[in-house]
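Visitor: The primary structure of each chain is shown beneath.
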Amino acid sequence: MTETPAPRVRTVGIDVQDNDEARPIVEAIERDNPEATIRRMPGMLKVQVPREMVVRRTTVEEILGREWDTNEFQLSIISLVGNIAEWDEDEILIKWEH
Amino acid sequence: MSIKALGDYDFPAKDRQEVYGDDQLVNVFWEGNMLFCAAACFRAPRAMRWADFKAKMIDPWASADPDYRPEAAVKWRKDDKPFAPKPEQTLAQLGIPHKGLVKFRTG
Amino acid sequence: MAKASMRERYQLLTRDLDWNPSYVTEQQLYPHTRFEGIKIHDWDAWEDPFRLTVDAYCKYQMEKDKRLYAVLDSFAQGQGHLQVTDARYLNAIRLFLQGVTPLEYQAHRHFAYLGRHLNGPGARFACLCQSIDELRHTQTETHAISMYNKYYGGFHSFPKMHDRVWYLSVPKSFFDDGLSAGPFEFMTAISFSFEYFLTNLLFVPFMSGASFNGDLSTMSFGFSAQSDESRHMTLGLSVVKFILEQDPDNVPIMQDWIDKWFWRGYRLLGLVACMMDYFLPKKVMSWKEAFELYLEQQMLEGLFPDLAYYGIEPPRHVEQAIAEKQYLSSQVFWILYQFSHAASFTTTIPPKAEMDWLAEQYPDTFDSIYRPLFEKAERMAAEGNRFFFPGLPMLCQTCQIPMGFTEVGDPTATSFRSSQYQGERYNFCSDGCKWIFDREPWKYIQAWLPVHQIYQGNCGGATIPEVLAWYGIDAGVDNGEYATSPDAAQWAQWHQPVVAGG
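Protein chains in written order, with the working numbering: chain A, 1 to 98; chain B, 1001 to 1107; chain C, 2001 to 2502.
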């Protein structure tokens, strides 16, 4: 199926594994990024957000029900579109710079 | 662009003609027949007569297409320039350069 | 005492372990980072967004390996190879093992070199992690695919074949071109162009292809490696921006490298295009779709407007790649189909249903150009005269692929370009490959072209059987036509329905 032409606004995004570890993170992204779209592909979820995407530790912890280290995100990520503008204990921010 | 390198950078061409002695490489392309994905590359003596090159190298290769008839090969070109090779002329006399390209059509 | 934050720990355990030498000059300590003409004024401006310290690195890598090897063991124990859609699928994985895995090893070595030779500690540390990652990839790919070597041909001796076999000179020469370039060009070529710009066009097809075709082993490797790849991608983007921000004089040098490595990488990816459209019984998406999504949308419409800020433009010759998306996979398939007698994989004409899919995906070209060719090949095979190209093909001096590519606007017109250098002629498949040669002819005249080497007598002999023996290819087992291969016969036997009753 051919993708429709890209919208004027540039999106950023991540591809993550479609498993128990990553799904709560995707849910957290959906909560903190209302314009996020999720596309299901074999074994992976493609998350896209216009302009910028934030992954918030506190939101993930709420959904996961345990403490979560932002470094754990590394276990789930497949690919990323955009720059990592910030990655610290509390959040991961992905956006295009210019 | 000038050479940007650590130290001297001057190495011989791996496929220069002298490596092949009295032989050269010749590429042959059958225009208009997509069965062959690419031109063929042959190694042949520079002194090889055209008639022998055609009969012993081009024809056996092209005959892998069951529809090939050797006498049907016409419109010979060296790159994009038409030429009319005579059977007795050698590859060198015909001015086919080392790694040069010869093309033909059939029908 | 308060625990240091992630940022602080990273600073303490990487940057702050660096020192300024008093016993030699900086130039003496780092002698390889000036000759390319790239100007770096402040290595401390390097920002690594993945602030991984060695302890965190080891912890997460170990976790990934534990999970992956558990899956690989389970796959082996459960005869997982029997679950793939068809033994024909394994030709995709042969291409991967022979073509890609050795490049991982070369990357491992070169990133270790960079981990010594770059002036900045942040950059060195990122390269050190990547070096270990690439060795991990070499190992995990080998392990993931080794199961197939027990039961199928074409998987053995892959490092030897990588060094000798004609189609593998395509990926090998690609990487050698990078290894023999300076450190900044290498990072632009591999970290940026290959691991960021083009990476999705390599990894997603193989790994999604594995997933769709029941190859749990390769798929698991893929997902496990991709989390490392996100770090590599980030390194690639970081390094390009870092170089561009350091000095405006770097911009034209970088543009040239981006132009060169786009085209070299794109030609290499022709093998992936063929794999996606022709080697997967169950298709993920067409090459055209993948190209539109990953290159045109994500890169040209997403990344390049970002780079425009620095004065970087989309790569030279990208328009040709866009035009070729309509037929690249078929052109490369047609090359591999007629040369698989000399390869460590098998090929076959796709079944009618797959040809119909190709016609849907490529309405402008498939039925008019390729289906008639494939149907002729099928008829010849049915008559016991399976078509293989007799003799040797004309190769492009730069990409080293048999010259089966065509003029933009006419996919029936084979492209020929040539250049003269120091009295010798060189041939190319495209404007892109000619342009690459013309910039640095002194480099490409040294290319080890498989066809020419065979003619020089350096490949075991003058006949195909002698060359195959030198390649290490087990004739009749590893090569040729899929339908009549031992693999196909075995597959049919293993998948025979169980006979009920006594």
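Worth flagging that the hints you see were computed from the coordinates, not collected in a lab. No experiment lies behind these values; they were computed from the predicted model shown. Idealized CB from N, CA, C, for every residue including glycine. Check each hint, because a few of them may be wrong.
As the list claims (entries may be wrong) - Capping the alpha-carbon separation at 16 Å, the derived lysine to aspartate or glutamate pairs in EDC-like fashion look like this:
#1 C/Lys2376 with B/Asp1067
#2 B/Lys1075 with B/Glu1031
#3 C/Lys2039 with C/Glu2026
#4 C/Lys2064 with A/Glu21
#5 C/Lys2003 with A/Glu35
#6 C/Lys2376 with C/Asp2364
#7 C/Lys2003 with A/Glu21
#8 C/Lys2003 with A/Asp88
Stated by the list, open to error - One-sided excerpt, in silico: chain A residues whose CB lies under 7 Å from chain C:
#9 Gly43
#10 Pro50
#11 Trp68
Visitor: Determine for every hint whether it applies to the structure shown.
Guide: We went through each hint and held it up to the structure:
no.	hint	verdict
1	C/Lys2376 with B/Asp1067	11 Å, holds
2	B/Lys1075 with B/Glu1031	10 Å, holds
3	C/Lys2039 with C/Glu2026	14 Å, holds
4	C/Lys2064 with A/Glu21	12 Å, holds
5	C/Lys2003 with A/Glu35	36 Å, violated
6	C/Lys2376 with C/Asp2364	20 Å, violated
7	C/Lys2003 with A/Glu21	27 Å, violated
8	C/Lys2003 with A/Asp88	14 Å, holds
9	Gly43	4 Å, holds
10	Pro50	11 Å, violated
11	Trp68	13 Å, violated
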